[in-house]
Amino acid sequence: MRVLHLPNNIASIPSHTVKGLRQIGVEVYGLMLGNALVQSTDGLKVIESVPRRKVYRWIWRNFRWVYNYLKWVTWADVIHWYFTPVLPWGLDLKYIKALDKPGVVEWLGSDIRIPEIEFEDNPYYKAAFYSGYEYQFESLQRSRQVQKKFAEAGFASIVPVCMLRYVQTDICPRVYVVPQRIVLSDYNPAYPDPAVTRPLIVHAPTAPISKGTPAVLKAIEKLKIAYNFEFRLIHGMSRNEALQVMQRADIFLDQFVLGDHGMAALEAMAFGKPVVCYIKPSMIDKYPPDLPIINATQDNLADVLEPLLRDGELRHEIGKRSRVYVEKYHDAIKLAYRLVDIYQEVIEDKRDRRC
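Heads up: the sequence shown begins at 1 in my numbering, then just goes up one per residue.
Some hints here could point you the wrong way.
For lysine-lysine, the following DSS-like pairs were computed, each having C-alpha atoms within a straight-line distance of at most 30 Å [as the list claims (entries may be wrong)]:
{"#": "1", "residue 1": "K328", "residue 2": "K280"}
{"#": "2", "residue 1": "K280", "residue 2": "K126"}
{"#": "3", "residue 1": "K218", "residue 2": "K280"}
{"#": "4", "residue 1": "K149", "residue 2": "K97"}
{"#": "5", "residue 1": "K334", "residue 2": "K45"}
{"#": "6", "residue 1": "K222", "residue 2": "K320"}
{"#": "7", "residue 1": "K71", "residue 2": "K149"}
{"#": "8", "residue 1": "K97", "residue 2": "K350"}
{"#": "9", "residue 1": "K45", "residue 2": "K97"}
{"#": "10", "residue 1": "K45", "residue 2": "K71"}
{"#": "11", "residue 1": "K126", "residue 2": "K286"}
{"#": "12", "residue 1": "K320", "residue 2": "K224"}
{"#": "13", "residue 1": "K148", "residue 2": "K94"}
{"#": "14", "residue 1": "K126", "residue 2": "K148"}
{"#": "15", "residue 1": "K320", "residue 2": "K218"}
{"#": "16", "residue 1": "K149", "residue 2": "K94"}
{"#": "17", "residue 1": "K45", "residue 2": "K94"}
{"#": "18", "residue 1": "K97", "residue 2": "K148"}
{"#": "19", "residue 1": "K280", "residue 2": "K222"}
{"#": "20", "residue 1": "K148", "residue 2": "K350"}
{"#": "21", "residue 1": "K54", "residue 2": "K71"}
{"#": "22", "residue 1": "K350", "residue 2": "K94"}
{"#": "23", "residue 1": "K218", "residue 2": "K126"}
{"#": "24", "residue 1": "K45", "residue 2": "K148"}
{"#": "25", "residue 1": "K286", "residue 2": "K148"}
{"#": "26", "residue 1": "K149", "residue 2": "K45"}
{"#": "27", "residue 1": "K286", "residue 2": "K320"}
{"#": "28", "residue 1": "K334", "residue 2": "K286"}
{"#": "29", "residue 1": "K320", "residue 2": "K334"}
{"#": "30", "residue 1": "K224", "residue 2": "K280"}
{"#": "31", "residue 1": "K148", "residue 2": "K280"}
Pairwise CB distance ranges, derived in the manner of DEER restraints [what the hints assert, rightly or not]:
{"#": "32", "residue 1": "E306", "residue 2": "K94", "range": "54 to 64 Å"}
{"#": "33", "residue 1": "R310", "residue 2": "L37", "range": "31 to 41 Å"}
{"#": "34", "residue 1": "V175", "residue 2": "R57", "range": "39 to 49 Å"}
{"#": "35", "residue 1": "L37", "residue 2": "R64", "range": "18 to 28 Å"}
{"#": "36", "residue 1": "L164", "residue 2": "K126", "range": "14 to 24 Å"}
Hint data in this document are derived by calculation from the structure and do not stem from the laboratory. The beta-carbon is built from N, C-alpha and C at its ideal position, and this holds for glycine as well.
Given the sequences, and given the hints that come with them, work out the whole structure.
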């Protein structure tokens, strides 16, 4: 089985997934168009972004992308897609459809998030959406249009549990739930030292409004009055620098708007850190009962952090449980077998439809 992953390196998930699949012997290639500074490119071929104003380099970049895209799509037995189409007029998906290639598209966030649904049970998202939210393009109409393009190209859907409610099953009836994945060998645990009297709190404001960074900063200022701690933002760093800061942390603050945890939380947990995050009420019972994330809202974040600041043993104990949790539920190698089963199903389904 030859598997092609493309074209957007969302939260390093393609990198972790490709590496996990290779470790169980799958022939897999990852082709990405552009990459954020903080994302892992391990196991991937990246065609770097070029500003349009650099005309000749931009044309050459586009030529390289199209050449590599045509080459590797033709090579593949099955396609694993992330985010939305890249080429104008959906030509990339039309090419896949013309070749009758089986495929899956993995929805991970703003690609299909529907504000009208999220407004129903998440007041923090609603407030952020009208206050500088970075992904204003999210809408019911756009979500359905994007899903329809992939359905017409014959793709099945893969989602983490937090995205399931946005899949429009009248358009995309074939849906598989697969957790986000992480290659654990890349993260050597560094559990918080219980003896530390000045703990380090870390937050990564990759998209400050959608992460709830203003509320984080407000809580930090309040806590500084009574507690002795260090606070650092992971911002404008290389990936290696960001991971080094995360590995030194005693407490990691994920996000406080979207109502579920992201990949940064899993990376911190893999390092053995206690993670604080907003898990909205409707999501709590969707996660395993041993989820060790400390739930906090924008309104009570400072209060939730106080016990962690006071108690080094508590930080250490939750950090140990965090590592066990990602080993149990998010190991990229274990989940690679699940993905292979899905790939086989969509290949066989495509074969049956041809008959």
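Hint-by-hint comparison with the structure:
1. K328 / K280: Status holds; Cα separation ~23 Å.
2. K280 / K126: holds (13 Å)
3. K218 / K280: Distance ~20 Å between K218 and K280 Cα, so the pair holds.
4. K149 / K97: OK: K149 and K97 at ~11 Å, within 30 Å.
5. K334 / K45: holds (24 Å)
6. K222 / K320: holds (28 Å)
7. K71 / K149: holds (22 Å)
8. K97 / K350: Holds, because 11 Å separates the two Cα atoms, which is no more than 30 Å.
9. K45 / K97: Holds. K45 to K97 sits at ~23 Å (cutoff 30 Å).
10. K45 / K71: Holds, because 13 Å separates the two Cα atoms, which is no more than 30 Å.
11. K126 / K286: At roughly 22 Å apart (the allowed maximum being 30 Å), K286 and K126 satisfy the hint.
12. K320 / K224: Holds - the C-alpha atoms of K224 and K320 are around 27 Å apart, at most 30 Å.
13. K148 / K94: Status holds; Cα separation ~13 Å.
14. K126 / K148: holds (26 Å)
15. K320 / K218: Status holds; Cα separation ~29 Å.
16. K149 / K94: At roughly 9 Å apart (the allowed maximum being 30 Å), K94 and K149 satisfy the hint.
17. K45 / K94: At roughly 23 Å apart (the allowed maximum being 30 Å), K94 and K45 satisfy the hint.
18. K97 / K148: holds (13 Å)
19. K280 / K222: holds (24 Å)
20. K148 / K350: holds (18 Å)
21. K54 / K71: Given that 30 Å is the threshold and the Cα spacing comes to 26 Å, the pair holds.
22. K350 / K94: Roughly 16 Å between the alpha carbons, so the hint for K350 and K94 holds.
23. K218 / K126: Roughly 19 Å separates the two Cα atoms, so the pair holds.
24. K45 / K148: holds (28 Å)
25. K286 / K148: holds (26 Å)
26. K149 / K45: holds (25 Å)
27. K286 / K320: holds (22 Å)
28. K334 / K286: holds (20 Å)
29. K320 / K334: holds (20 Å)
30. K224 / K280: Status holds; Cα separation ~27 Å.
31. K148 / K280: Holds. K148 to K280 sits at ~28 Å (cutoff 30 Å).
32. E306 / K94: 54 to 64 Å: holds (56 Å)
33. R310 / L37: 31 to 41 Å: holds (35 Å)
34. V175 / R57: 39 to 49 Å: Given a distance of about 40 Å, which is inside 39 to 49 Å, the answer is holds.
35. L37 / R64: 18 to 28 Å: Between L37 and R64, where Cβ atoms are some 21 Å apart, the hint holds.
36. L164 / K126: 14 to 24 Å: At roughly 20 Å between Cβ atoms, K126 and L164 fall inside 14 to 24 Å, so the hint holds.
The structure meets every hint from the earlier list without exception.
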